[in-house]
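Asks: Position chain E relative to chain G; hints supplied.
Residue numbers (our numbering), protein chains in the order written: chain G, 1 to 57; chain E, 1001 to 1313.
Everything labelled a hint here was simulated from the structure, so no lab data went into it.
The reader is advised that the hints may include incorrect statements.
Unchecked claim - Dumping the calculated SDA-like pairs for lysine to any residue here, alpha-carbon to alpha-carbon at most 25 Å:
# : chain 1 : residue 1 : chain 2 : residue 2
1 : E       : LYS1068   : E       : LYS1217
2 : E       : LYS1307   : G       : PRO33
3 : G       : LYS27     : E       : LEU1309
4 : E       : LYS1255   : G       : GLU39
As the list claims (entries may be wrong) - Computed footprint of chain E on chain G; a stretch qualifies when at least three of its residues, placed anywhere within it, have a C-beta under 8 Å from a C-beta of chain E:
# : region
5 : 26-40
6 : 45-51
Computed from a predicted model, the values in this text were never measured in an experiment.
Just so you know, even glycine gets a beta-carbon here, dropped at the ideal spot from N, CA and C.
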Amino acid sequence: MSSKPKLTSAKTVTVEINGQQEDMIQKLAANDPEMRSIEEIIRQGFSEFAKSKRLSR
Amino acid sequence: MAERQIVDQFVMDPTTGRGIPVMRGQVLRIKQVGKGQCLDFNAFNLHDYKEFFHCGRTRHMHGLNPTKGDHLWSAPPRDRPMFTIIEDTVGTNDVNYPRCSAFLFEFHFGFDKHPAHSNCHDILAETIREWGLTPDDVHDSFNGFMHTGVNNGKMYIDRMVASAGDYIELLAQIDTLAVPICCGADVMATSNYELKALEVTIFDGDAVDHSKLVDHKYTHQRSPAEFRQPNIKADRPLYRDENYAPEWPWLANVKARFPYTVTLDERETALLEEMKGDPDFFGFTEEEIVRFCFFRWYSINHMAGLKHLSGQD
Chain G
1 MSSKPKLTSA KTVTVEINGQ QEDMIQKLAA NDPEMRSIEE IIRQGFSEFA
51 KSKRLSR
Chain E
1001 MAERQIVDQF VMDPTTGRGI PVMRGQVLRI KQVGKGQCLD FNAFNLHDYK
1051 EFFHCGRTRH MHGLNPTKGD HLWSAPPRDR PMFTIIEDTV GTNDVNYPRC
1101 SAFLFEFHFG FDKHPAHSNC HDILAETIRE WGLTPDDVHD SFNGFMHTGV
1151 NNGKMYIDRM VASAGDYIEL LAQIDTLAVP ICCGADVMAT SNYELKALEV
1201 TIFDGDAVDH SKLVDHKYTH QRSPAEFRQP NIKADRPLYR DENYAPEWPW
1251 LANVKARFPY TVTLDERETA LLEEMKGDPD FFGFTEEEIV RFCFFRWYSI
1301 NHMAGLKHLS GQD
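Extracted from the complex, chain G is given alone in its bound form (with noise of 0.2 Å):
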């Protein structure tokens, strides 16, 4: 049986953010060395914790 996970359509989703938590994430956004923008940056932080935290299951 094969353990991966089934493979769905992709899909967006919006996160609200507020002003101090946007201007946290801008820091984040200036200091990239691959210059990624908020969105790539807000995906990336959840797709390495939802990976961490179905490995620590």
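Replies: Chain E in isolation, oriented as in the chain G frame:
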């Protein structure tokens, strides 16, 4: 290397203390002369007594049992290191337990006669009276050598493990009134049910000590010059300021909403579906799950100091 020069040295009898100026760069050594005595320690900014040692901030920065390399912090909004623990031969200190008081000995053990049972609050209050301070100025102590822990959410006091010759050294980061006392608890395990003396030595720090002085200044470590109400209230009743108009400078930014649309690939979408079934995220929307995961990731990877996340520190 030249030896440190002793500025002052004395022994505190059991259940006594002394308030002593310890200037920036000087070192305060508290040494066991018997088989293990708990130290209770208060500290004030020598030039502004309203800045004082804060267990809570120290706990936040270093955990429940600070030791060598950790700072003793002042209360918000000052939020700065008052002392640094530069030596600790035992490694059992506590910033979780509040100072013992006469009430506690009456409540727990029935000591209801006068004078009160010896207790740290009253010893500290009597000690700082020499400096014009009141019992209300006593604050929770850095509990040196106190061996404590937490089990299932309940704090406990374990047996004292320090012995004669053990010591801690505190490097003053600012000019302070240091207030070391010998804890008065003889019916708790704090000092193994026997009260003893402690030796106090103040040294002029040497070059090695001074290399551990910190000078960083964060923007929001605030001094009274930055207070909107800088005057110390001198009477005890409270009166409303009729001219008070609240200012919440962060409120507009907190209320502002900035939408970011994140495009998840197939694998990430599958992860999101899995998270929706995770009991930790019961009742969360997809947006809330993505936001939560992102900020957790941020804390793990980019937050400075203790992260305050399970299993991360």
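Asks: When the hints from earlier in the document are held up against this structure, which numbers fail?
Replies: Violated: none.
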